[in-house]
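J.: Same order as they appear, the protein sequences are chains B, C, S, A, Z, V, F, D, X and R.
For the first sequence, counting from 1, position 36 maps to 36 in my numbering; every step adds exactly one.
For the second sequence, counting from 1, position 97 maps to 97 in my numbering; every step adds exactly one.
For the third sequence, counting from 1, position 93 maps to 93 in my numbering; every step adds exactly one.
For the fourth sequence, counting from 1, position 70 maps to 70 in my numbering; every step adds exactly one.
For the fifth sequence, counting from 1, position 110 maps to 110 in my numbering; every step adds exactly one.
For the sixth sequence, counting from 1, position 75 maps to 75 in my numbering; every step adds exactly one.
For the seventh sequence, counting from 1, position 27 maps to 27 in my numbering; every step adds exactly one.
For the eighth sequence, counting from 1, position 87 maps to 87 in my numbering; every step adds exactly one.
For the ninth sequence, counting from 1, position 7 maps to 7 in my numbering; every step adds exactly one.
For the tenth sequence, counting from 1, position 79 maps to 79 in my numbering; every step adds exactly one.
Hints are supplied without guarantee of correctness; some may be wrong.
[Unchecked claim] Distance condition first, Cα-Cα at most 30 angstroms in a straight line; then the derived DSSO-like pairs of lysine-lysine: (1) R:K62 / R:K17; (2) D:K62 / V:K17; (3) C:K17 / S:K62; (4) S:K62 / A:K29.
These are computed hints drawn from the structure, not numbers from a lab.
Spelled out, the chains give:
10 protein chains.
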Amino acid sequence: MEYEFKALGKDMSAPSKDLETFPTPANVKLVSFTSDEVTSHCPVTGQPDFNTVEIEYAPDQKCVESKSLKLYLWTFRDEQIFGEGLAGTIAQDIFDALEPFYCKVTLEQGIRGGMQMSAVAEVVRDEA
Amino acid sequence: MEYEFKALGKDMSAPSKDLETFPTPANVKLVSFTSDEVTSHCPVTGQPDFNTVEIEYAPDQKCVESKSLKLYLWTFRDEQIFGEGLAGTIAQDIFDALEPFYCKVTLEQGIRGGMQMSAVAEVVRDEA
Amino acid sequence: MEYEFKALGKDMSAPSKDLETFPTPANVKLVSFTSDEVTSHCPVTGQPDFNTVEIEYAPDQKCVESKSLKLYLWTFRDEQIFGEGLAGTIAQDIFDALEPFYCKVTLEQGIRGGMQMSAVAEVVRDEA
Amino acid sequence: MEYEFKALGKDMSAPSKDLETFPTPANVKLVSFTSDEVTSHCPVTGQPDFNTVEIEYAPDQKCVESKSLKLYLWTFRDEQIFGEGLAGTIAQDIFDALEPFYCKVTLEQGIRGGMQMSAVAEVVRDEA
Amino acid sequence: MEYEFKALGKDMSAPSKDLETFPTPANVKLVSFTSDEVTSHCPVTGQPDFNTVEIEYAPDQKCVESKSLKLYLWTFRDEQIFGEGLAGTIAQDIFDALEPFYCKVTLEQGIRGGMQMSAVAEVVRDEA
Amino acid sequence: MEYEFKALGKDMSAPSKDLETFPTPANVKLVSFTSDEVTSHCPVTGQPDFNTVEIEYAPDQKCVESKSLKLYLWTFRDEQIFGEGLAGTIAQDIFDALEPFYCKVTLEQGIRGGMQMSAVAEVVRDEA
Amino acid sequence: MEYEFKALGKDMSAPSKDLETFPTPANVKLVSFTSDEVTSHCPVTGQPDFNTVEIEYAPDQKCVESKSLKLYLWTFRDEQIFGEGLAGTIAQDIFDALEPFYCKVTLEQGIRGGMQMSAVAEVVRDEA
Amino acid sequence: MEYEFKALGKDMSAPSKDLETFPTPANVKLVSFTSDEVTSHCPVTGQPDFNTVEIEYAPDQKCVESKSLKLYLWTFRDEQIFGEGLAGTIAQDIFDALEPFYCKVTLEQGIRGGMQMSAVAEVVRDEA
Amino acid sequence: MEYEFKALGKDMSAPSKDLETFPTPANVKLVSFTSDEVTSHCPVTGQPDFNTVEIEYAPDQKCVESKSLKLYLWTFRDEQIFGEGLAGTIAQDIFDALEPFYCKVTLEQGIRGGMQMSAVAEVVRDEA
Amino acid sequence: MEYEFKALGKDMSAPSKDLETFPTPANVKLVSFTSDEVTSHCPVTGQPDFNTVEIEYAPDQKCVESKSLKLYLWTFRDEQIFGEGLAGTIAQDIFDALEPFYCKVTLEQGIRGGMQMSAVAEVVRDEA
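For reference, chain B alone in the conformation it holds in the complex (with noise of 0.2 angstroms):
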């Protein structure tokens, strides 16, 4: 198996919102990715936020290259975000990228006033 990646030519210190893709190798049904380390800014208070985010997908053509992943994660760190709209916009992002048979993004926020919110996204592709 060969595959020619920019991530072996790239920068690895700056984050990027462009994720790589190789190609599905047979018989793969389902991926996941878990991260405990994916930071945003709340909108309210313009604190750090800090989630763990599970990214689920059922690949068809292409599958997420995980360097490449992290630098996109890396992207949310300066952002201003609610939790939901975090886990909303992952999912897009990876359904665009991967058009695969569906994204689903789960995400965990640090406890915060006693309570730990977690928000469900999906992106299903359209049968019709």
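Using the hints provided, position chains C, S, A, Z, V, F, D, X and R relative to the given structure of chain B.
T.: Relative to chain B, chains C, S, A, Z, V, F, D, X and R alone:
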């Protein structure tokens, strides 16, 4: 994304039944909040009850803002109510404020008399 | 919400088969109680058995009051009964007292002879 | 409830294939036993295997008495049998003794060569 | 039960693609193996990847012998392959060797860049 | 052993600073109580704080009766006090009531602003 | 190693204060037993208390036989005693029966009123 | 107890090196804060590091106010610093602000390259 | 590093009291082995006991080879011995074979009669 | 803080015995690294061993750079060495590179033959 929340100017040291909302971001299918800091009083003995509450809803147009939810949950601190009734009341109030597809509340009480009680309340939109 | 419970005046130091109830609050779909303090005696050896019991029911008009449930579970302390039978008996008694849509009892015994037994008993309302 | 078990007079220091039963108490739908003390020998190397076994059945007329089950499981201590075969044999013997609606046995072997094997065997009553 | 395994005479210090089998014992419906000792190399960076692999299959005529499975998993130690591809390859090889009703492989990679990847590959018998 | 406790006749629905004691039984060297149901209010924001408190003491002549301890801990429910101060106050009150060899109080606050505070207070008998 | 235990002929369905011993095997420095099946009654309310008890001793000439210890712990099932007193009594009885270098008993009560009590009792041989 | 904190009027959406204090309450011997929301940047790769930080100090006259501590920890979000250096810097800043008997900082980094780093820094008052 | 172990040619399907050793590598101060697969028989009831054994030693010139240790532990499978005696015997045998600075054996039995026993045996080199 | 690391320009896909260092930051007393991705080969069977390694040192002038440590640990991937020897070798190499006050290495092997081995190696600076 820009919102103007009353929460920002509001007295954060006072409980309030007022639930604020914001427009549901694209792709979001499910939101939940869990808090282990919801207290009330037992109607039989008058003693404080300590509850863990999970609120789950499938949003339509509106999501609940988390700080106003915290102030809302605080309002039960001096009420006399069974855990079963507390679950049912929260489910109804969230349903009325957000008009979601459904709202489910799961409440677990602290151990009393060697027993732990949990109750599930649910309000589902009438599709008729 | 106002109730008048016999439990308030009752002798809390005596086991009792009498299960008190209160009207089911709005929206409540499921209630469960878990206790790891239910003991009985093995009919084969006469020795004490230690059980964890979970009682789950879907309430119709009535919910069980927790203190009377505690006194009820206490009544098995000196009975000789298999764990399987204990689960079945509790399920029937709860069903008779509350007339719920269904009642399910899951019992786990303490480890005996290197084995842990669990039994599930269920009584479902006859809709015919 | 009164039973007369051979187990009471029986030599508890000898393994035995004889499974005793008692009449299923009312309302009981499911019974399971878990033991992490079931050993046998590997047919390839001859070395002892250590297994955790869960036996689950939906009783019809008969439930298995736990002490006789313990003595039964002990009988495999010196047999040479794969874990897969052990699961299948226990499921058949329980099925033959109790004539339940079904019997399912899940066996997990101790880690060997950095791998943990588990096997599920099931015997279902032929309703034809 | 008597088998004659090449494993007994075989050089256990060498990886091998050769999967040995034995006849499925009666009643066995599902078998799984879990190992956290499966390594390979990342095709992007060349660095070693550490994976936990769960192989689950519904056996028809044949079950896999565990020692030969261990030697098989060892063969990936020096290959350059994505985790997604590794899952897909193992699923196909097990399927080809055992001809089960289905074979499912779940692979979890060690944490890389603050993310944990998991992939599910499945090969199902074509019943047409 | 016979005691006469005010707790028996006392109004159990009212907080009380009054700590009851009983004579230390022979051989007892250390007693501790842990509760995760101790609440107070933050002096900066006025919002409720949720604390887990462990009280440990080396008894001399007196041990604390547990029901009166519960009513005592309840008295902080409406006080404005830092967690550090709450730990110090409980330690002093227990020390004054029991005159033990020492009393140590460890308090853990619920997570606030992504941080969990814990404080240790101790009062040791002056042996001079 | 040959012993003749009364336990073998004894009625195993009756509690007994009689602790049997056997000669300490060579090199043994510390022995402990943990049971979460020790119950008694609260002297204040008369209700059953559920305790986890750990007995630790440094044996000199004698070790305690485990079946007789089980029957001994059973004797508290109908006694009215505080947890603190129960720990102290067990420590003294073990000390008297075994004459060890020391005996330490740690008792944890089931949660009552949102609190968990634990007590440590110790008897140390007087070396004077 | 009455304090006047700048925190109340302060802009809570901006990081700040300014650590506020309050007078140590009686009997308090040890205070600690744990946060898993402390981020910085790796000086080698420039990528974000995620750290769990525990700050422990033995207070003399002053305790740190928790909101100002949160804003302080936030200031490292855009700094390039090794985890070892971050631990050392926090320990020194806390020591300078509170003049405690000692201050100890334990930092655990998120897993990088399959490894987890932890560092302990300590500043102890010079008693000479 | 080259060794010639009898283990290589030895019949691995037979228990053996023979403990093989190899020269202690530089800097090694402590070695331990933990196994939850050590069985024996109870001298009172004759039934199998299941034990978890931890062997810890401070090596001087010799370390124990792990395969021979496994065959050694297997030898107790059909012996009648109390857990306390088993701990003491293993400690002595390891001490005799390795002549370490000390050897400590901690044995935990499977739960019997609702109790778990553990025993610690130790042999320390006589420095006189 | 500015450093110039060879790691930045170095081929990250090749193992290397070369340990890079940086000057110890102020106040740092203890540093540790834990990795569960250290493999080697058993000198008896030639099969791969999987180890969890914790390296702890008290730094004097130098700390180890984490990327070079990762490449260092990778070098054992094809070596034949006992776990005990691996612990001792790593401890010596770290000691030689950093000249710390002491270096301690704790290694836990994956389960083999139902046993888990762990070894502790330590090198302490000779203060004579």
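J.: Sort out which numbered hints this structure fails and list those numbers smallest first.
T.: none
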